[in-house]
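Residues per chain, in single letters:
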Amino acid sequence: MKFSSLTLRTFTTLHTWVGLVAGFALFVAFYAGAITVFHHDLPLWQSPHAMEQPAQTLEDAQRLLDGVLERHPEARRHIGMTFPGAETPQSVAYWQDAKGTWLFAWADQYDGSPTAPQAGLAELVNELHYTLGLPVAGIYLMGMVSLLYGLALLSGLVIHLPKLLGDLFALRPGRNLKQMWQDAHNVIGVLSLPFHLLFAVTGALLCLVFLQMAALNPLIYDGKLLAALPAAMDTAPIRAAAGQPVRPGSLAMLHARAIAVANDQGQARFEPAYLKLANAGDANAVIEITGDGGVSLGPLGAVAMDANTGQVLHTQLPGRRDANHATLAAAYALHFGEYGNGLVPWLYFALGLGGAFLFYSGNLLWIESRRKRRQQEQGRAQVNMARATVGVCIGLCVAVSAAFVSVQLLEHLAPAQADAGMRWTCFLVWGGCALWAALRAPWQAARELLWAAAIVTALIPLVHGGMSGLWLWTSAQRGYWPLFWVDGVALAMAIGFAAMARASSRRALHGEPNSVWSRPSPGNALS
Amino acid sequence: MWARALAGLLAGFFLAAAVTGLLAWLPPGPWQSAIVPSLIAFIPAWMLAALWAFAFRTGLRAWTWLGGSALAGFALLWLLRANHWVL
Numbered sequence: 001m002k003f004s005s006l007t008l009r010t011f012t013t014l015h016t017w018v019g020l021v022a023g024f025a026l027f028v029a030f031y032a033g034a035i036t037v038f039h040h041d042l043p044l045w046q047s048p049h050a051m052e053q054p055a056q057t058l059e060d061a062q063r064l065l066d067g068v069l070e071r072h073p074e075a076r077r078h079i080g081m082t083f084p085g086a087e088t089p090q091s092v093a094y095w096q097d098a099k100g101t102w103l104f105a106w107a108d109q110y111d112g113s114p115t116a117p118q119a120g121l122a123e124l125v126n127e128l129h130y131t132l133g134l135p136v137a138g139i140y141l142m143g144m145v146s147l148l149y150g151l152a153l154l155s156g157l158v159i160h161l162p163k164l165l166g167d168l169f170a171l172r173p174g175r176n177l178k179q180m181w182q183d184a185h186n187v188i189g190v191l192s193l194p195f196h197l198l199f200a201v202t203g204a205l206l207c208l209v210f211l212q213m214a215a216l217n218p219l220i221y222d223g224k225l226l227a228a229l230p231a232a233m234d235t236a237p238i239r240a241a242a243g244q245p246v247r248p249g250s251l252a253m254l255h256a257r258a259i260a261v262a263n264d265q266g267q268a269r270f271e272p273a274y275l276k277l278a279n280a281g282d283a284n285a286v287i288e289i290t291g292d293g294g295v296s297l298g299p300l301g302a303v304a305m306d307a308n309t310g311q312v313l314h315t316q317l318p319g320r321r322d323a324n325h326a327t328l329a330a331a332y333a334l335h336f337g338e339y340g341n342g343l344v345p346w347l348y349f350a351l352g353l354g355g356a357f358l359f360y361s362g363n364l365l366w367i368e369s370r371r372k373r374r375q376q377e378q379g380r381a382q383v384n385m386a387r388a389t390v391g392v393c394i395g396l397c398v399a400v401s402a403a404f405v406s407v408q409l410l411e412h413l414a415p416a417q418a419d420a421g422m423r424w425t426c427f428l429v430w431g432g433c434a435l436w437a438a439l440r441a442p443w444q445a446a447r448e449l450l451w452a453a454a455i456v457t458a459l460i461p462l463v464h465g466g467m468s469g470l471w472l473w474t475s476a477q478r479g480y481w482p483l484f485w486v487d488g489v490a491l492a493m494a495i496g497f498a499a500m501a502r503a504s505s506r507r508a509l510h511g512e513p514n515s516v517w518s519r520p521s522p523g524n525a526l527s
Numbered sequence: 001m002w003a004r005a006l007a008g009l010l011a012g013f014f015l016a017a018a019v020t021g022l023l024a025w026l027p028p029g030p031w032q033s034a035i036v037p038s039l040i041a042f043i044p045a046w047m048l049a050a051l052w053a054f055a056f057r058t059g060l061r062a063w064t065w066l067g068g069s070a071l072a073g074f075a076l077l078w079l080l081r082a083n084h085w086v087l
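Protein chains in written order, with my numbering: chain P, 1 to 527; chain X, 1 to 87.
Okay, chain P solo, but in the shape it has when bound (with noise of 0.2 Å):
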């Protein structure tokens, strides 16, 4: 395909402009994502003695449900909660209360609590991705973080297309370094271009989806768009309460009725993972139940039935549901890689620390092709580019790897402060990792900064060892699988940081002077 070259140009200003604006975030919004896709494993990993815990059962989910009912009335009016299984062991529920804050209970814990249980590290990790830890603000700046990201990945198309087919699989190692780092950035780019494409619509649309649909109410759905969310989303109908009471039907029950209707409609499996349940106790209470429905891009379906008799009331199953449904579990898959077998999230966090790669070869790029070959010294805006990238990139790494272990470590000696401590940590390791790259010259800065990301990487298997006495080879025997990857993830992670250190070291020594990365000659020094 041919362009002119002065749209060309556009184009690549406008990738340059938007990539440098975004990149940061992005770098960020990728590193804990790809954690993120592990969710499930850290709180297994952060509490101790987690995996000793026999799985709940229907029974101590009935008891929660009937606890929480009990106690709190507003909770009667709408209630979610998970069903004992692999990926959530012990069953959470969740309501708001009259002022409409969200609050949990679980185990033998009714009271209600703001937070929910074992968020700590999953969450925190969590909370990086969506919003860069930043309250409130954090998410919509990433959903405009996502739109140029989108817009930075169309306009790299362009200009990559002319050279897409012939350069795909080029890798040209060598002399000319800039050659082999664009080759990077492209042959990652292009190919996992759809993988980009999907994050940055999808992510986009879960930041800014409110204030979206708030925009295009009244231009294109009449205002009536609020109007017609229920039945696009949900499964169940809203039926107003009777205000007759009922004795509720038992959860075993409605449980086993959800699988058997699935069944009939050609889900040869179908795992319930969570309830709503609206006007419980009420004659006109309705549940849905929501469930992983194997194989399908969307596995996510739901059966709608009355809690008091069963009797089903709407169903929105893989393969029998209506445009909506499908999409939207379909989307919701597709960004967190609940779909496929097991090896979809491994592929997500490959994709997703390829992505992380991405954003910070641009920035080197941009600073490599601004190098000024014939003089030591370098321009002030290469010198702070440089700096900013390490010290906020790869600050990331050393500060969610300290979190890691300052959780570890926290759980076992002042379990209260866990929470808070870690998140201090995390920050304030960050900040202060941006602070030293502000102060030291790049070359030294990249290679401390890495040697840092690498020790404490891998103190995260020894701390985890040392005070769980749950070693890698000891998780492996017991078969405690989440705790074996996530050290054993900790530890490869920790060989690469520490080979990304070694690699830059020999640039700074060896490779072409008259670079931010290279160490400055002595006798250049004073010229």
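There are no misleading hints in this set.
Just the calculated beta-carbon pair ranges, DEER-fashion:
no., chain 1, residue 1, chain 2, residue 2, range
1, X, 81, P, 115, 43 to 49 Å
2, P, 320, X, 28, 14 to 20 Å
3, P, 467, X, 55, 54 to 60 Å
4, P, 73, X, 30, 33 to 39 Å
A short list of chain P residues far from chain X (calculated; beta carbon distances all over 10 Å):
no., residue
5, 20
6, 296
7, 353
8, 379
9, 459
10, 469
Bear in mind the hints are in silico, worked out from the structure with no lab data behind them. For each residue, glycine too, the CB sits at the ideal point set by N, CA and C.
Position chain X against the provided structure of chain P, taking the given hints into account.
Relative to chain P, chain X alone:
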């Protein structure tokens, strides 16, 4: 560059909204049955509209083309609905 960026941001928003409206109203059946697909489609539509703005030499041309297309889209949507050709 900035004039075109603004055209992509604002005129592009309305163009994407018009495309989203057509996507919601044109398929068979009531518009309510295409709410989620249309809400999803709005995002790439806005991105592509913003990208299109940069294909023009000047900000004025970008505003003219994107704004004109948005108006045409909304006019078509209004025409379809005023004549009850869509539900």
